[in-house]
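Participant: The lines below spell out each chain.
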Amino acid sequence: MGDIMKKQIQGILIGAAVAVGLSGFAGVASAQDMIYKAGDRQSGYMYAAKETQAIQDDDLGNPAYIWVDEGEALWTKVDGKAGKSCATCHGAESAMLTDVGTRYPVYNAKLGKMQSLEQKINEERQEKMGAKPYKWESKQMLSLTVYMRNGSRGKPMNVSIDGPAAKFFEAGKKFFNQRRGQLDMACKHCHEDGAGMMIRANMLSEGQSNGFPTYRLKWQKPGSIHRRFRGCNKQVRAKPYGYGSDEYVNLELFVAWRGRGLSVETPAVRN
Amino acid sequence: MGVRSLAVGALGVVLGLAFSTNAIAAEKKMVNYVVKNGAIAKSLTGKPGNAANGRKLAINRKKGNCLACHKMPIPEQAFHGEMGPELIGVAGRLNEGQIRLRIVDPKFFNRDTIMPAFYKNTGFTRVLKKFKGKTMLSAAQIEDLVAYTMTLK
Numbered sequence: 001m002g003d004i005m006k007k008q009i010q011g012i013l014i015g016a017a018v019a020v021g022l023s024g025f026a027g028v029a030s031a032q033d034m035i036y037k038a039g040d041r042q043s044g045y046m047y048a049a050k051e052t053q054a055i056q057d058d059d060l061g062n063p064a065y066i067w068v069d070e071g072e073a074l075w076t077k078v079d080g081k082a083g084k085s086c087a088t089c090h091g092a093e094s095a096m097l098t099d100v101g102t103r104y105p106v107y108n109a110k111l112g113k114m115q116s117l118e119q120k121i122n123e124e125r126q127e128k129m130g131a132k133p134y135k136w137e138s139k140q141m142l143s144l145t146v147y148m149r150n151g152s153r154g155k156p157m158n159v160s161i162d163g164p165a166a167k168f169f170e171a172g173k174k175f176f177n178q179r180r181g182q183l184d185m186a187c188k189h190c191h192e193d194g195a196g197m198m199i200r201a202n203m204l205s206e207g208q209s210n211g212f213p214t215y216r217l218k219w220q221k222p223g224s225i226h227r228r229f230r231g232c233n234k235q236v237r238a239k240p241y242g243y244g245s246d247e248y249v250n251l252e253l254f255v256a257w258r259g260r261g262l263s264v265e266t267p268a269v270r271n
Numbered sequence: 272m273g274v275r276s277l278a279v280g281a282l283g284v285v286l287g288l289a290f291s292t293n294a295i296a297a298e299k300k301m302v303n304y305v306v307k308n309g310a311i312a313k314s315l316t317g318k319p320g321n322a323a324n325g326r327k328l329a330i331n332r333k334k335g336n337c338l339a340c341h342k343m344p345i346p347e348q349a350f351h352g353e354m355g356p357e358l359i360g361v362a363g364r365l366n367e368g369q370i371r372l373r374i375v376d377p378k379f380f381n382r383d384t385i386m387p388a389f390y391k392n393t394g395f396t397r398v399l400k401k402f403k404g405k406t407m408l409s410a411a412q413i414e415d416l417v418a419y420t421m422t423l424k
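As given, the protein sequences belong to chains A and B, one line each in that order.
Take the first sequence: its letter number 58 is residue 58 in the numbering used here, and every next letter is one higher.
So the numbering used here is basically just the index in the second sequence, starting at one, shifted up by 271.
Hint data in this document are derived by calculation from the structure and do not stem from the laboratory.
Take these hints with a grain of salt, some might be off.
[What the hints assert, rightly or not] DSS-like cross-link-like pairs, simulated, lysine-lysine; straight-line CA separation at most 30 Å:
{"id": "1", "chain 1": "B", "residue 1": "401", "chain 2": "A", "residue 2": "221"}
{"id": "2", "chain 1": "A", "residue 1": "128", "chain 2": "A", "residue 2": "139"}
{"id": "3", "chain 1": "A", "residue 1": "128", "chain 2": "A", "residue 2": "81"}
{"id": "4", "chain 1": "A", "residue 1": "188", "chain 2": "A", "residue 2": "173"}
{"id": "5", "chain 1": "A", "residue 1": "239", "chain 2": "B", "residue 2": "318"}
{"id": "6", "chain 1": "A", "residue 1": "188", "chain 2": "B", "residue 2": "342"}
{"id": "7", "chain 1": "B", "residue 1": "307", "chain 2": "A", "residue 2": "234"}
{"id": "8", "chain 1": "A", "residue 1": "50", "chain 2": "A", "residue 2": "77"}
{"id": "9", "chain 1": "A", "residue 1": "84", "chain 2": "A", "residue 2": "50"}
{"id": "10", "chain 1": "A", "residue 1": "239", "chain 2": "B", "residue 2": "334"}
{"id": "11", "chain 1": "B", "residue 1": "300", "chain 2": "A", "residue 2": "239"}
{"id": "12", "chain 1": "B", "residue 1": "403", "chain 2": "A", "residue 2": "234"}
{"id": "13", "chain 1": "A", "residue 1": "218", "chain 2": "B", "residue 2": "342"}
It should be emphasised that the depicted structure is a prediction, and the values quoted were computed from it without experimental measurement.
Take these sequences, add in the hints, and give me the full structure.
Facilitator: In structure tokens:
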């Protein structure tokens, strides 16, 4: 199929999508604008099977777009004692126009540590909206983080590891290289030394986080990067840390830095 | 490389008394072994293992799971891993004692290897409770794997 024809078909698809009122598209990069390789780093997309890539490439077929739509609805939904929604302060469209999905975790001076996007959302909900915090892996939190990160789709991952973030970055790096569990393996053994190799039927990836929250076919829903960390830790028979633990937020920072320059792909699809 | 005598069992009893009764129970079962010239010459159980059972352990994902990383002559399993060296013909390259040490404690040869030690129960970080103080395989299972691996000529 020629490029022109591809573009035409894509145009028709996008037109159709807008016509039926699906959100997720406006101002968001299409599949061929994505940066899957940056320097020596490659997105998990490059290690995924063709069939899995195809599901991600097709916004109409990507099952995670249900969460994007749900997140958009939550963005404008008034909640809490202050009678506000996210959109009250940030604008109805602003989550689709920012680079917020490229920057987290961010150092928070008040807390004196790094803050993930989930934690920032809950801080705002409690302090600005007078609303209850969302549970980490709840449908609401996943929907909102998928929606917000989707707003940065196509933009390069760009966390800051300088200044006050430096020591948290170092802690995350140490975690990545630390052996753990009865299998006595560190993240790096599979995701640096082993990336591109087969473990039985599965190809090991670099463990990049640019597609998170990622729709895993195994999960049949999107999951946070902390869920993935917990799964990996348990696979090496190590005691996992909690969702939102300092250890995982620091690891998230390090992993995001490893993927610097790769496009945000949320919601990516993986097996 | 000299002689390294690992009195793991005796040490385990001392540590066990100091920390918990569970640890004693788990550690007491550990068999002492002697490493000499990059090999553990003697069977951990004092007798030869069962090669047929060893083959099953090599396939079993919750036991040996050797196939996760090694290509082996097990044609009925479709997917073999690539992380480690192929084990086809390994018995022609290594003797029994060398193979035994590679399964018991591969970090003896390569500190940075991804391969787990299949007969080690201490010195780990944050082991899940249900695996704490336990080895990945029993001494008898190690011998079964050794027996099977020795058939890979």
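Participant: Each hint needs a verdict: does it hold in this structure or not?
Facilitator: Structure-based check of all given hints:
Restraint check for residue 401 (chain B) and residue 221 (chain A): the C-alpha separation of about 29 Å stays at or below 30 Å, so the hint holds. Of the pairs offered as hints, the one joining residue 128 (chain A) and residue 139 (chain A) holds, with about 21 Å between alpha carbons and a cut-off of 30 Å not exceeded. Pair hint residue 128 (chain A) plus residue 81 (chain A) holds up; C-alpha atoms about 9 Å apart against a cutoff of 30 Å. Of the pairs offered as hints, the one joining residue 188 (chain A) and residue 173 (chain A) holds, with about 10 Å between alpha carbons and a cut-off of 30 Å not exceeded.
This hinted pair does not check out: residue 239 (chain A) and residue 318 (chain B) have alpha carbons roughly 36 Å apart, beyond 30 Å. A distance of roughly 22 Å separates the Cα atoms of residue 188 (chain A) and residue 342 (chain B); the hinted pair therefore holds under the 30 Å criterion. For the given pair, residue 307 (chain B) sits about 35 Å from residue 234 (chain A) by alpha-carbon distance, which is inconsistent with the 30 Å threshold. Taking the CA atoms of residue 50 (chain A) and residue 77 (chain A), the gap is near 38 Å; set against the 30 Å cutoff, the hint is violated.
Among the hinted pairs, residue 84 (chain A) with residue 50 (chain A) is inconsistent with the structure: their alpha-carbon atoms are about 43 Å apart, more than 30 Å. Restraint check for residue 239 (chain A) and residue 334 (chain B): the C-alpha separation of about 19 Å stays at or below 30 Å, so the hint holds. This hinted pair checks out: residue 300 (chain B) and residue 239 (chain A) have alpha carbons roughly 24 Å apart, not beyond 30 Å. With a C-alpha separation of about 13 Å, the suggested pair residue 403 (chain B) and residue 234 (chain A) falls inside the 30 Å cut-off, and the hint holds.
Among the hinted pairs, residue 218 (chain A) with residue 342 (chain B) is consistent with the structure: their alpha-carbon atoms are about 26 Å apart, no more than 30 Å.
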